[in-house]
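S.K.: Listed below, chain by chain, are the residues.
Number of protein chains: 2
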Amino acid sequence: MSQSPAHASDDEALASSSGPPCIALDAFGSDQCPGPEVDGAVAAAKAGIHVILVGDRTKIEAELSRHAGWDGLPVAIHHASEVITMEDSPAKAVRSRPDASMPVCFDLVRKGQAHAALSAGNSGAMLACGLFKYKRIKGVDRPALVTSLPTREGWVSLLDVGANVDCRPVNLVQFAVMGAVYAGFKHGVATPRVGLLSNGSEQTKGTELTRTVHGLLAEATLEGLEYVGYVEGTDTMSGEVDVVVTDGFTGNVALKIAEATGRLIGHWLKGALRGGPRRALGGLILRPAFAELRQRLDPEAYGAAPLLGVDGLAFICHGGSSGFAIATALEFATRSVDEALTPRITKALAVHADLLAAAKRAEPARS
Amino acid sequence: MSQSPAHASDDEALASSSGPPCIALDAFGSDQCPGPEVDGAVAAAKAGIHVILVGDRTKIEAELSRHAGWDGLPVAIHHASEVITMEDSPAKAVRSRPDASMPVCFDLVRKGQAHAALSAGNSGAMLACGLFKYKRIKGVDRPALVTSLPTREGWVSLLDVGANVDCRPVNLVQFAVMGAVYAGFKHGVATPRVGLLSNGSEQTKGTELTRTVHGLLAEATLEGLEYVGYVEGTDTMSGEVDVVVTDGFTGNVALKIAEATGRLIGHWLKGALRGGPRRALGGLILRPAFAELRQRLDPEAYGAAPLLGVDGLAFICHGGSSGFAIATALEFATRSVDEALTPRITKALAVHADLLAAAKRAEPARS
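Chains as they are written, first to last, in our numbering: chain A, 458 to 824; chain B, 458 to 824.
None of these hints come from the bench; they were simulated from the model.
Just to be clear, a hint being listed does not mean it is correct.
As the list claims (entries may be wrong) - List time: in silico DSSO-like cross-link candidates among lysine-lysine, alpha-carbon distance up to 27 angstroms:
#1 A:K549 x A:K516
#2 B:K549 x B:K568
#3 A:K643 x A:K804
#4 B:K592 x A:K662
#5 B:K662 x B:K804
#6 B:K817 x A:K662
#7 A:K503 x A:K549
#8 B:K662 x A:K590
#9 B:K804 x B:K643
#10 B:K643 x B:K595
#11 B:K549 x A:K662
#12 B:K662 x A:K549
#13 A:K590 x A:K817
#14 A:K592 x B:K662
#15 A:K817 x A:K592
#16 B:K503 x B:K643
#17 B:K727 x A:K727
#18 B:K662 x A:K817
#19 A:K804 x A:K590
Let's have the full structure, built from the sequences with the hints guiding it.
M.R.: Encoded structure:
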């Protein structure tokens, strides 16, 4: 397998089950690939993180050559001849192109040569890779993509944001359990407050799906999380809940509407500072304040979305990720290996086995 | 019916089918009722709009007495002894309390004593009143609530934002036709571009429901609107579409997430100006710019959401509406009477009768 030329580190030597965590990074995922991936890998490696860049060796080396002294860093290359694009049909692409950079990342994890897979590419294909290569954790029907949105003082973890558009009650119950583990892990919340996204806070609101899930969660004995009932869109970022659970269609819309609103306000704010010299002066004085605000609004700063519910670590970055975003994601992936994110989720699901069994028996929601 | 004391105008005299449009305003809808309703009615009446305040006569008169000279304005009182609250179960409340201020507004329209009903109260009860009292327009399965969100340079009309959580294909097709009429009416768009909200722009994305609707709209011959396909949350406020169609669950979440994001950014912006004297100075200089921004972000400024698809005019305001918001809504309701919003919708639905019949035959989406 090792096709490394003399100056590239050997990925087999880099990663071993006893050594430090090593992340398999799909170098051909992002919109501007492989530039951001290589920049991110180098930046992370300088901080001691071990990375295997997966993809076309020649192109990766060309990018790496722009970074003086990279060959002294814990960065390796693993050649993969093909790529999966944003336009590809996920499951078909993963099946027909086993040598593409994305599925090869998962293979490296399966073989014990890496400990987590990371890509800024096609999220549907990432889901397919997770299902085909890692398999599901016992008790999980469908994995979920989770991301964290800012609140006034902290964060709220939202799931599913796109892995499953048509959900059954058992899926949302599993999302609640997994989301709570994630909020505890990512943001250090002791007993996460979990809400169910709805169109109103009254119990009569919601769809057949949400009402079924509400009944299950409200009556269950929960460990390590508190179910607080329905939350409206308005309350999602108020700081009153740590986790918001919804189906992947609604969650994806919610996430993207929040992004769109942030962008729109940023655009208006810029425009408001262009109304003459007085405003330009104000803008100049407030430049540091606006820079802070921009950073808070930047979806990239929110890092990688892990795929929860598969038996292995996989992280999906924004297609428009910068090198900085990739480096941040690599750092988070490393922490997830070190602090055993997957085993924690497996354990929480086992603890709630009775609830999950009841949820599986619950009538699927008709719409 | 007239129980007016000497100083209150007579609502029968105020409204007649040949006279100017007259709006029946539920005085007991908003969170702070009846203050904002009375303030709004007086402000609108000063601009020549005819209003009947519906609700407890004594309480309305007490509020009106704070406005010197109100009895010279085109404002009348129609007594209604009961109220419907936000906590009430909509259909049950409307059936069991026929004398509540909200349903009485619809009765006044039915009897020809007013031309539109307006309330800042329980939106589910407004929907129930619309269905029970006005009935549906021919060809309409379920009415929809529509609201407009700001874009970079203009507006986008979003529907349904809460009337129907569980939708079938025919509902979304009707929303597309009605939404286009509304965007033309409200924002003067000649041939509105209509998009279908989804979790991705590719045709393979979406739910069974959206894929069915996409197939119907993409193949139909449409008049007065252009169907542009799937739009993601990110594109909703980009200005590339004039109408975004979705089910009432997703639409409600989308609307409230946009509001929540706006509020969160406003909160951060305030905080950013509190970091010492330099920032305070910048904030002072930019006060007019921030005031402009606040106005753009203010959901109240976006006015009343009409209930489309019932055979009569009904407008729902935000529960937290101020007098200014109520006055703006009264003005818009009056224009809707003058410029025949309901007949325009009836006509557009008739023009698309074949499409609606095909949509009715389409398989309901399973989830």
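S.K.: Compare the structure with each hint and give your call.
M.R.: Here is how each hint holds up against the structure:
For the suggested pair A:K549 and A:K516, the alpha carbons sit about 26 angstroms apart, so the restraint of at most 27 angstroms is met. For the hint linking B:K549 to B:K568, the alpha-carbon distance of about 23 angstroms falls within 27 angstroms, and the restraint holds. For the suggested pair A:K643 and A:K804, the alpha carbons sit about 17 angstroms apart, so the restraint of at most 27 angstroms is met. Under the criterion of a C-alpha separation no larger than 27 angstroms, the hint pairing B:K592 with A:K662 is consistent with the structure, at around 23 angstroms.
Taking the CA atoms of B:K662 and B:K804, the gap is near 33 angstroms; set against the 27 angstroms cutoff, the hint is violated. Restraint check for B:K817 and A:K662: satisfied, since their Cα atoms lie roughly 26 angstroms apart, inside the 27 angstroms limit. A hinted pair counts as satisfied when its Cα atoms are at most 27 angstroms apart, and A:K503 with A:K549 does not qualify at roughly 37 angstroms. Between B:K662 and A:K590 the alpha-carbon distance is near 23 angstroms, which keeps this suggested pair within the 27 angstroms criterion.
For the hint linking B:K804 to B:K643, the alpha-carbon distance of about 17 angstroms falls within 27 angstroms, and the restraint holds. Straight-line distance between C-alpha atoms of B:K643 and B:K595 comes to about 23 angstroms, which keeps the hinted pair within the 27 angstroms bound. Between B:K549 and A:K662, the direct Cα distance comes to roughly 15 angstroms. Compliance with the 27 angstroms bound is thereby established for this hinted pair. Under the criterion of a C-alpha separation no larger than 27 angstroms, the hint pairing B:K662 with A:K549 is consistent with the structure, at around 15 angstroms.
A hinted pair counts as satisfied when its Cα atoms are at most 27 angstroms apart, and A:K590 with A:K817 qualifies at roughly 24 angstroms. Between the alpha carbons of A:K592 and B:K662 the distance comes to roughly 23 angstroms, so the proposed pair stays at or under 27 angstroms and holds. Proximity of A:K817 to A:K592 is assessed by CA-CA distance (about 19 angstroms); at most 27 angstroms being required, the pair is judged to hold. With a CA separation close to 23 angstroms, the supplied pair B:K503 and B:K643 stays within the 27 angstroms bound.
Using a Cα cut-off of 27 angstroms, the hinted pair B:K727 and A:K727 holds, with the two alpha carbons roughly 16 angstroms apart. Straight-line distance between C-alpha atoms of B:K662 and A:K817 comes to about 26 angstroms, which keeps the hinted pair within the 27 angstroms bound. Pair hint A:K804 plus A:K590 holds up; C-alpha atoms about 21 angstroms apart against a cutoff of 27 angstroms.
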